Every structure is written in C-alpha cells, then in structure tokens.
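Make the full structure from the sequences, and use the hints.
Protein chains: 2
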Amino acid sequence: MQRSALAWRRRGARIGFVPTMGYLHAGHISLVKRARRLVGPKGIVVVSIFVNPAQFAPTEDMARYPRDLARDRQLCREAGTDLLFVPHEKEIYPQGFSTHVVEEKLSQSMEGASRPTHFRGVTTVVLKLFNIVLPEVAVFGAKDFQQAAVVRRMVKDLNVPVKIIIAPTVRERDGLAMSSRNKYLEGDLRAQAVVLSQALARAREAVSNGRAVTSAALRSELRALIERQPAARVDYIEFFDPETLEKVEWVGRDSHMAMAVFIGNTRLIDNVSLAGGTK
Amino acid sequence: MQRSALAWRRRGARIGFVPTMGYLHAGHISLVKRARRLVGPKGIVVVSIFVNPAQFAPTEDMARYPRDLARDRQLCREAGTDLLFVPHEKEIYPQGFSTHVVEEKLSQSMEGASRPTHFRGVTTVVLKLFNIVLPEVAVFGAKDFQQAAVVRRMVKDLNVPVKIIIAPTVRERDGLAMSSRNKYLEGDLRAQAVVLSQALARAREAVSNGRAVTSAALRSELRALIERQPAARVDYIEFFDPETLEKVEWVGRDSHMAMAVFIGNTRLIDNVSLAGGTK
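Respectively, the protein sequence lines represent chains A and V. Mind the numbering: the first sequence is residues 5 to 283 in the numbering used here, read in order. Mind the numbering: the second sequence is residues 5 to 283 in the numbering used here, read in order.
Some hints could be false.
What the hints assert, rightly or not - According to the in silico footprint, chain A covers these stretches of chain V (three or more CB under 8 Å from chain A):
#1 10–23
#2 95–107
#3 124–135
#4 158–169
As the list claims (entries may be wrong) - No farther apart than 25 Å at their CA atoms in a straight line, the calculated lysine to any residue pairs in the SDA-like style are these:
#5 V:251 to A:98
#6 V:187 to V:268
#7 V:167 to A:96
#8 A:167 to V:173
#9 A:160 to V:100
#10 A:109 to A:73
#11 A:46 to A:12
#12 A:37 to A:170
#13 A:167 to V:165
#14 V:46 to A:15
#15 V:187 to V:165
#16 V:251 to V:187
#17 A:251 to V:102
#18 V:37 to V:89
#19 A:167 to V:18
#20 V:109 to A:60
#21 A:160 to V:219
#22 A:37 to A:146
#23 V:160 to A:10
#24 A:109 to V:58
Source of the hints: derived by calculation from the structure; they are not laboratory data. Just so it is clear, the structure is predicted and the values come from calculations on it, not from any experiment. Glycine is no exception: its CB is placed at the ideal position from the N, C-alpha and C atoms.
Here it is as structure tokens:
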C-alpha cells in the first residue's frame, strides 16, 4: 500500500482517504463520495477497513463488531473507490510494537472518560494509516465529533501533511444517526433508539430563542426524556465549546452537545451543534 | 519549510535530513556529509537546529545548552547543506499543543530511566520534524545509541516513510566522543573525561578472547576505573542486546555497552559494540 502511495505521489496524483472499521452504511458512502469530489476524477480514493483492537477495551464489542467484507467491497466499488485497503491485525501491530500517539486534552472528556484507552488507539492507528496511505486529504464523519476533533488536533500538533475534512452525519428517515452498531438493535430497541435524535432536537429547541439555559437543567430534562424509553440508559450528556471541547455551565447557540446512550446493551453516540441546522 | 519540502517532493527531489540541537561539531558534519552522499549531488540536504525543551527535564541544562548560530550556519554551508531549518519554540509547540509520541519499551532503560520524559520529547519532535521536512532519509549519530534505537522503532511502528541511517561516533584524538556538551569541561575536567572511552576500550578487551564475563563483575571493574578520576561519577553502565536493548547477565562479543558518567556537573554518554571495531 505504501509503495503504491509513494508511486502515486511521485507522479503527482492526489490521494483522498476514508478510514473505516467496515460494515459500511450510507454515512461511509457519503464520505467516499466527498473524498472523490475533493481529489477529482483523476485523483485516487482509498478506503481502509480495519477493526482496530487498540481502540476497544477488553470489555467492549470488538469480537462481535459486525463484518461483511464482500458487501463492503461491493459498496466501495459502486461509490467509486480506487483501492480498498484491508490490512491484517499483525501487519498493523506486529510483534514488538511499542509506539503510541497520545492526545492529552481533547481526548479526556466524554468518549475518553467512558473509554480510557479509546483515543490513544484511534490516534495511533490513524497516524499509521496516514503514513501508509499518504493522503493529501482524509474525510471523517461528524457523528464521531470528538474523534474528529482529536484527529484534527493530532494532525496539527504533529504537522501531519494531511487535510482533515469532517462530513455531516447521515441519518435514517426517523432521525437515528447511521452507525454499524445499529445492527445490534433487535426487536423494539430500534424504535427506542430514536430517542437520541429526539433529545438533540429538544436541546436545539431549548436554546432556539437565543436564551442560555444551565447545563445541569438541560441535562436533567434530556436524561428524563431519554430514560422514559425502557431500554435506554444515559452514559453521558455534555454541552461544550465545539473548538476546545471545554464544558460550558450555560448552554447557548454557540454550544455543542454530545451524548452516549445505552439502548439495551448497545452503546450509541450522537451529537449536534446547538446553532441549529438539520444535521 | 513543509511547503518547500512538498514542492521538492512533487518534482521528484530526494531530501536528506540531519536533525540537531546545534553547536555543531565534527560529528554533526559527518552526518551532513553522509546525508549528501545518500541523496546525491542533485538531492536536497536539510539540517535542523532546535534545542527541544520537551526532551530536557526542568532540572537539566536546557537554559545553558551551548548555542552559536552564526558558527553553525557557516559550518553547514561548508559541509554542503542546502537548507538550515531553525524553528522557533512557539512554532514547534504552539499554544494548546497536546499530542505526544511515546515509545514504551526501548525507551525505559538507561537514558529513559535517568531522564524519564526525555524520549517522549525526542520521539515527538523527531516525528514533527519528519512531517515538516519530509525527508526520504534521515541520519542520526551512533553516540546517542538508545535514541537511534528508539527513533528506528518509532519509524517502524508508525510506518513513517523515512529511512533511518546511523552514522558512527566521531571522536577526539584522545578518544573522547564528540559532543556539544564537551564545551562544559573546563580545566582538567577535559582530561578526566577521557576515562569514558578508556572504559569502553577496557570492556572490549575484557571479552576479546571470546569468553563471557558477568555484567556485575565487569560493571564493578569499570566503575572503579572511571571513579578513579576525582570528578567522575557513574550514572549507569549497562550491557545489553543491541537490537532489543534487553540487559544481559553474561556479557560477550554480541553485547553492546552504554554508559552515562558525570564529569563534575557535566553528564556525558558513550557506547560501543563489544564485537570490536574502533568506533
């Protein structure tokens, strides 16, 4: 892969990159199409599929994370992918591997607090993939808002010569954010999961008149709304500055909201800018 | 710098890189010349000078580390440097900087044990400089043996597309390894400092007949030899496998030796392969 990338770069080709964990959905496909628009018809669009063990804790869903490579391959082809890169775990983390990339500010709260080794796994594998694929531009989804912020910070701090583009979250018709983990939602859990996007909508509404509300009050209200669903349990609801990810006491239209909610055993995340807009 | 490097790479130029902390001596110049040979007359040789605060502890000699940019510039020009890169501290570590590169095995012993945050500072700045200068090949000195091993491991683990070359230590006529810190050796301390290379020679001699000796016995003998000098105090003497840096109980010709010794207030390091050879 790296040899190909070096050869493409030498002959002046533009490389656009979409790193994924596979089990692709319309959200991923929108990233692939965005990468294509960014590098143009003569550019090279690379998609990687790697279920990265370093970003899962031992207690998490790595082993049962959904996989369907044949279907992914077909979807990538249809979306105009030039190269699908599917490395083996032992190629990415060979015997003796001992180097990690750590971001120590933006990665502390929310996903980082709930999943302490998660972002260290993300930043390490993303830097590795960037060095292997050598893209000029890489596209990430806004659904993983904190991940996008951490990756951007890592790229800036380490002077990585890659432009990071964040593409909007793609949603199901009823508002549920697309996620490979939605596959876990069996029976009526799928219907209950709509409460995440309902909570986001309620938060936008709460600040839409331009007045600020306290984060404690809004969190309580949203928690009650969410946990009215029998299978729903809030992991966190946070309101913060979208640049620094610092928590805010007073939530306004310049704030961002993110949350993690268990629907049964399935942990889902979602986020929204309270400035409004429909994504 | 990065814009220039990207333009050079686009037109197919080969970039050779020598990262330094300045106050250049014949050891550095040998690295610059090696870089030139590696990239050829049409290649571009970049030298950086950056006294990296992240690799000094607050108690160390960062503030008094010797500097002479005018002289360095002249030496670089004479040695055939195409570009001298001298970034400011605030460009390398701007406000909000929060990402680090950590190597967690090879960096634990010796320099890493004596200077706990040292290698994290080294790996972070070296990766940053690689991303800014975008070299095809970078040349490091064998005097910093553990640093070279840690950088090589980092490059391998993170798939950094840079070839690492280790060039032999350059010594003064009496055996003292060239170092910017030799400037600190005033009065008769300079003469006492020769004991480091004498200890290396004695270690080579001790295993030259092909028999192994215990590390404890050899360490004691060398410590006594070194501390016969009134201003000398051993920080560490280690015998290890040159690939894994794992300590050995029995020292033989396949072992490597490294040490740190205070001569007065000046901490000097040196190392040698016990396989023989004169470097």
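Results for each hint:
Coverage of the segment 10–23 of chain V by chain A holds [criterion: at least 3 residues with CB-CB distance below 8 Å; count 4]. For the segment 95–107 of chain V, the stated coverage by chain A holds: 8 residues have a C-beta nearer than 8 Å to a C-beta of that chain, and at least 3 were required. Look at the segment 124–135 of chain V against chain A: 5 of its residues bring a Cβ nearer than 8 Å to a Cβ of that chain, three or more, so the hint holds. Three residues within the 8 Å Cβ limit are the bar, and the segment 158–169 of chain V against chain A gives 6, so the coverage statement holds.
This hinted pair checks out: residue 251 of chain V and residue 98 of chain A have alpha carbons roughly 22 Å apart, not beyond 25 Å. Straight-line distance between C-alpha atoms of residue 187 of chain V and residue 268 of chain V comes to about 13 Å, which keeps the hinted pair within the 25 Å bound. For the hint linking residue 167 of chain V to residue 96 of chain A, the alpha-carbon distance of about 19 Å falls within 25 Å, and the restraint holds. Restraint check for residue 167 of chain A and residue 173 of chain V: not satisfied, since their Cα atoms lie roughly 39 Å apart, outside the 25 Å limit.
A distance of roughly 10 Å separates the Cα atoms of residue 160 of chain A and residue 100 of chain V; the hinted pair therefore holds under the 25 Å criterion. Only pairs whose Cα atoms come within 25 Å are accepted, and residue 109 of chain A paired with residue 73 of chain A is rejected, the gap being roughly 35 Å. For the suggested pair residue 46 of chain A and residue 12 of chain A, the alpha carbons sit about 11 Å apart, so the restraint of at most 25 Å is met. Distance hint between residue 37 of chain A and residue 170 of chain A is fulfilled; the C-alpha atoms sit about 13 Å from each other, no more than 25 Å.
For the hint linking residue 167 of chain A to residue 165 of chain V, the alpha-carbon distance of about 18 Å falls within 25 Å, and the restraint holds. Between residue 46 of chain V and residue 15 of chain A the CA atoms are separated by roughly 19 Å; this keeps the pair inside 25 Å, and the hint holds. Taken as a hint, the residue 187 of chain V and residue 165 of chain V pair is broken in the structure, with Cα atoms around 36 Å apart against an allowance of 25 Å. Distance hint between residue 251 of chain V and residue 187 of chain V is unfulfilled; the C-alpha atoms sit about 32 Å from each other, more than 25 Å.
In summary, the hint linking residue 251 of chain A to residue 102 of chain V is supported, as the alpha carbons are separated by about 18 Å, within the 25 Å threshold. At most 25 Å may separate the alpha-carbon atoms for a hinted pair to count; residue 37 of chain V and residue 89 of chain V meet this at roughly 17 Å. A C-alpha spacing of about 23 Å is found between residue 167 of chain A and residue 18 of chain V, which places the hinted pair at or below 25 Å, so the restraint holds. For the proposed pair residue 109 of chain V and residue 60 of chain A, the alpha carbon gap of about 22 Å is at most 25 Å, so the pair holds.
Between residue 160 of chain A and residue 219 of chain V, the direct Cα distance comes to roughly 45 Å. Violation of the 25 Å bound is thereby established for this hinted pair. Pair hint residue 37 of chain A plus residue 146 of chain A holds up; C-alpha atoms about 15 Å apart against a cutoff of 25 Å. Restraint check for residue 160 of chain V and residue 10 of chain A: satisfied, since their Cα atoms lie roughly 16 Å apart, inside the 25 Å limit. For the proposed pair residue 109 of chain A and residue 58 of chain V, the alpha carbon gap of about 17 Å is at most 25 Å, so the pair holds.
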